[in-house]
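Asks: Build out the structure end to end from the sequences listed, making use of the hints.
Chains as they are written, first to last, in my numbering: chain R, 1 to 158; chain E, 1 to 87; chain F, 1 to 66.
Incorrect hints may appear among the rest.
[Claimed, not checked] To give a feel for the contact side, a few chain F residues facing chain E, derived at Cβ under 10 Å:
no., residue
1, L42
2, F43
3, L45
4, I54
[What the hints assert, rightly or not] Calculated lysine-lysine pairs in the DSS-like style (CA-CA distance at most 30 Å, straight line):
no., chain 1, residue 1, chain 2, residue 2
5, E, K51, R, K6
6, E, K72, E, K51
7, F, K47, R, K15
8, R, K13, E, K72
9, R, K13, F, K47
To be clear, the hints were calculated from the coordinates, so they are not data collected in a lab.
We put the CB at the ideal spot given by N, CA and C, even for glycine.
Listed below are the residues making up each chain.
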Amino acid sequence: MWVYEKKLEHPVKIKSKDLQMAKFLMAQYGGPDGELGASIRYLSQRYTMPTGKTKGLLTDIGTEELAHVEMIAAMIYQLTKDASPEEMKAAGLGAHFTEHDNAIYPADANGIPWTGAYIQSIGDPITDLTEDMAAEVATVYEQQCDEYGSTRYIPPNY
Amino acid sequence: MEYGNQSCENLLLKLQELTFAAVDLNLYLDNHPENKNALADFNAITRELNKLKKLYEAENGPLTNFGCSESKYPWEWVNDPWPWEII
Amino acid sequence: MEQDFIPYFNPAIMRNQKHSPAMVMPLMLARAYVLNQPYTGLFPLEKALMVGTIFPNMYDAFPERM
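Replies: Laid out in structure tokens, this is it:
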């Protein structure tokens, strides 16, 4: 059973729009290596884990990943808040605006909606855990850090 | 530690720091259930966290839904701001 | 299924031994392993939230590209 705690895991306080960054952050939200995928992956795999420790671990990681989903969504929300349609179009988000306005929608940076095809839950614990380790390498984060500089990920004014 | 005079923002930040530590320790303990030091640290952080949550909730209404926190009248859970709106 | 599971290496076994796990339990080809993480204390909590982990032995700052 899940309960919700009305606070972010880490503060997200973005004071100004940045539509380019929002577009790239979508990869983290609804992309194949994003937090939503991570969360559903762990929460799906946990049912067929053989020990209490692995069931506990995957439940806890999956739950924490949901908190990460929330933070990415908060970042995208703050980065696109009050953006006009013209600004969205100039940033390459024109199509996104047509479909979703300024709403948060789980898709990747190219607008491709999130799908269960991004995860695997196969029931063999070694295979599942190996898939988890591969997913956690987080190359996408490193590429985004290279693009933007890693200090941009620390909330401004923090 | 005294938090009575801390601003609401600082209290929220302290809650976030403690929760983050509790989450990380929870994950460590899932793999090392027999580690006494980790467990002692986890329980100390949990106690501190529960204390601060009561303080925070007295000012700002319930932090959790579905029966984990009580609310004053009128129902406070629906109050703004929500976490993604706190800039 | 259980017999295929890589056993958790209980640190209680290692307490009085000088050997690393790799010497006591020979590593096999084509397997992924996760090393046991020793508990060595925590970062101050303000720093921990900033850097993304409470464990100093897990901290690996991302290098800025030159």
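Asks: Does the structure break any of the earlier hints, and which numbers would those be?
Replies: none
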